[in-house]
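Novice: Taking the UniProt record's numbering, I'd label the letters of the sequence shown as residues 1 to 364.
It is possible that some hints are incorrect.
Simulated crosslink set (SDA-like; lysine to any residue; CA at most 25 Å straight-line) [as the list claims (entries may be wrong)]:
#: 1; residue 1: Lys34; residue 2: Asp273
#: 2; residue 1: Lys144; residue 2: Asp78
#: 3; residue 1: Lys261; residue 2: Leu359
Hints listed in this document are in silico derivations from the structure and should not be mistaken for laboratory results.
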Amino acid sequence: MLKHLNTVLRVLVGGLFIFSGLIKVNDPIGTSIKLEEYFEVFSVEFASFFHLFVPIALPLAVFLVVLEVVLGVALIMDYKPKWTQYTILGLIVFFTFLTGYSAITNTVTDCGCFGDAIKLTPWESFTKDIILLVMIVAIIIIDKNKEDQTKALGHAVIGATSVLSLILSVTAINHLPFIDFRAYKVGDNIQTNMQPSEEFIYEYVVEKDGKEYTFNEYPTDKSFKFVSMTHINPEASPKITDFAVWNDEGDYTQEVLTGNKLFLILYDVSKSDTESLGAINELIRALGGKLEIYSLTASAGPTYEQFAAENQLEIPYYYTDATVLKTITRSNPGLWLLQDGTVKGKWHYNDVPNYSEVLDLLKL
1 MLKHLNTVLR VLVGGLFIFS GLIKVNDPIG TSIKLEEYFE VFSVEFASFF HLFVPIALPL
61 AVFLVVLEVV LGVALIMDYK PKWTQYTILG LIVFFTFLTG YSAITNTVTD CGCFGDAIKL
121 TPWESFTKDI ILLVMIVAII IIDKNKEDQT KALGHAVIGA TSVLSLILSV TAINHLPFID
181 FRAYKVGDNI QTNMQPSEEF IYEYVVEKDG KEYTFNEYPT DKSFKFVSMT HINPEASPKI
241 TDFAVWNDEG DYTQEVLTGN KLFLILYDVS KSDTESLGAI NELIRALGGK LEIYSLTASA
301 GPTYEQFAAE NQLEIPYYYT DATVLKTITR SNPGLWLLQD GTVKGKWHYN DVPNYSEVLD
361 LLKL
């Protein structure tokens, strides 16, 4: 009985680790952004030395996502059971601390447990990790007397899993995620994603004569006293709530979502890859007059203008929030092609397209 329970627990926990890890292997930069967020919060809340980890967030992210996949495979295979079980226990304790802290303080509202594929609230993430923690402890207790019977095939599978996961991670970093789960992906319409998917439904709790009543519409009777209001279909919320484009003259959000437009995204010019700007400038010159081309940046105006002058970027620029730009693309610089607000193309700076590819996507 315990043997079968142990097998079921190993498959469930290992499978979830593999699933979670592969989603993040698909987008290690997204995981590094989440780590940076935690490090910034911890540097303020606990100790300033956490800020030192921000520059190495990406290699740490790659290590963690590869380790997650490898541990999931190792647990299912029963590879080096003691090492695997205690390592996975340490990892889940670490994750539980992060999600628990997020849930209690609400400082990081999305732990990134499943990347952008599945969004969990802080309390949902924490509950998930507590359940996993209990399951892992149960596995360790059941297997406390198990001997290591790992064979050569186990070493080969774990080695291959490690190498393949690392290759996929590095490929995703040097290009773009293989699968884009974000609301700015190719084929999505930005205006549509900025609208609720359905009409919001609210539930009102009011009080009268010491009793509470619940209504779907707020009562017109003024003798009722308001207690609370609950949004009962939060899934109807817009996928995009923070997209805005502006310059010193005002808001240009609606303007940039009309017509054919190519955007050069430079969310931080101080960290941008400049070697690719030669190819990007050639593309801009080739497309001149055929569509509107702009830069989107979160850098300060004077900083951007100096960068643009040094790199011969002779195109207008707008400001956009850095988090939004990092969500749009994991590349700095990156290219983003819109046609009447619909995303027609996205490119990493290592994959700058030729002008005919861009025009073909717009059917020009």
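Novice: Holds or violated: Lys261 and Leu359, Cα atoms, limit 25 Å.
Specialist: Answer holds: Lys261 to Leu359 is near 11 Å, not above 25 Å.
Novice: For the pair we were handed, Lys144 and Asp78, check the Cα-Cα distance against 25 Å.
Specialist: 13 Å, holds
Novice: Going straight from one Cα to the other, do Lys34 and Asp273 come out at no more than 25 Å?
Specialist: Between Lys34 and Asp273 the Cα gap is close to 21 Å, so the pair holds against 25 Å.
Violated hints are absent here; each numbered hint is respected by the structure.
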